[in-house]
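Oh and the sequence shown: position 10 is 10 in this note's numbering, straight run, nothing missing.
Errors might be hidden in some of the hints.
Claimed, not checked - Below are the DMTMM-like pairs computed for lysine to aspartate or glutamate, each with C-alpha atoms no more than 25 Å apart in a straight line:
no. : residue 1 : residue 2
1   : K58       : E46
2   : K49       : D32
3   : K56       : E18
4   : K49       : E65
5   : K169      : E78
6   : K56       : D32
7   : K109      : D26
8   : K55       : D95
9   : K109      : E78
10  : K49       : D95
11  : K104      : D32
12  : K49       : D3
13  : K234      : D202
14  : K55       : E18
15  : K58       : D101
16  : K56       : D3
17  : K126      : D210
18  : K56       : D101
These aren't lab readings, by the way, just hints derived from the structure by calculation.
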Amino acid sequence: MSDSVIIIPTYNEIGNIENILNQIQDLNLLFDVIVVDDNSPDKTGELVKAFILKKKYKINLLLIERESKNGLGSAYIEGFRKSLTLNYKYIFQLDCDGSHDPRKLIEMKNSLNSKSDIVVGSRYVKGISVLHWPLSRLLLSIFANYYVKVITGMKVSDSTGGFNGYSRKALKSILKNNISFQGYAFQIQMKFIGNRLGYNIDEIPIIFKDREVGESKMSINIFYEAFFGILIMKIKSLFNSYKS
1 MSDSVIIIPT YNEIGNIENI LNQIQDLNLL FDVIVVDDNS PDKTGELVKA FILKKKYKIN
61 LLLIERESKN GLGSAYIEGF RKSLTLNYKY IFQLDCDGSH DPRKLIEMKN SLNSKSDIVV
121 GSRYVKGISV LHWPLSRLLL SIFANYYVKV ITGMKVSDST GGFNGYSRKA LKSILKNNIS
181 FQGYAFQIQM KFIGNRLGYN IDEIPIIFKD REVGESKMSI NIFYEAFFGI LIMKIKSLFN
241 SYKS
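Given these sequences and hints, build the entire structure.
Shown next as structure tokens:
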């Protein structure tokens with residue numbers, strides 16, 4: 001068993017899950033994996049279960065099966081809580097769709113091991129490192145991250161990204177608070193609470209590429225949640241303190 005675990009939420013990712021697990025297994029450093037599947041109609045969860053039964057991977061692979069699609073945020077939180085129960089020291093989150101290069105996990109772990117409490121795989125910390133996105137999507141992402149910096153006061157260049165890592169101490173503290181968002185706003189809220197609690201956030205530059213298989217989960221509701229929800233979150237934070 002490794003001291004580090006990667007939480008991977010899945011919903012209709014049968015075309016991607018095997019490839020991402022292969023990449024994680026091929027790393028020079030051992031990472032365990034917890035897959036949180038939201039009862040995927042394409043049987044992603046069934047495939048992962050088959051991998052576990054056949055002992056296809058040398059890494060420690062665990063599957064959490066949920067009854068329905070209840071949102072990205074709640075999937076991550078369930079995975080996070082399981083990782084804390086299992087006493088992992090470092091907890092990472094990674095998209096299943098191939099957008100994030102697992103090889104960056106080693107650099108991110110080194111950061112947590114030496115200088116940071118939260119590490120962000122950032123698309124914007126050194127210019128713009130995004131491949132194959134339409135211009136409209138890229139501009140929306142850049143605007144969203146600028147908006148978050150202005151509203152929250154955080155100095156993080158990529159608050160909306162989903163390639164992040166947490167020390168056990170930081171994650172445990174953050175989860176003592178109410179994490180109310182589900183989409184991109186969930187990623188922002190996690191970092192915002194961590195920042196307010198005084199945890200050090202480091203950004204590691206990554207190259208983000210759009211998914212090649214499957215469909216994006218982006219929707220107008222996710223955008224509205226982030227746009228208005230973050231403003232409300234900031235206002236509430238002026239009158240309430242966070243638990244540590």
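Subject >> Broken hints, by number >> reply: Going through the list in order, the structure violates no hint and respects every one.
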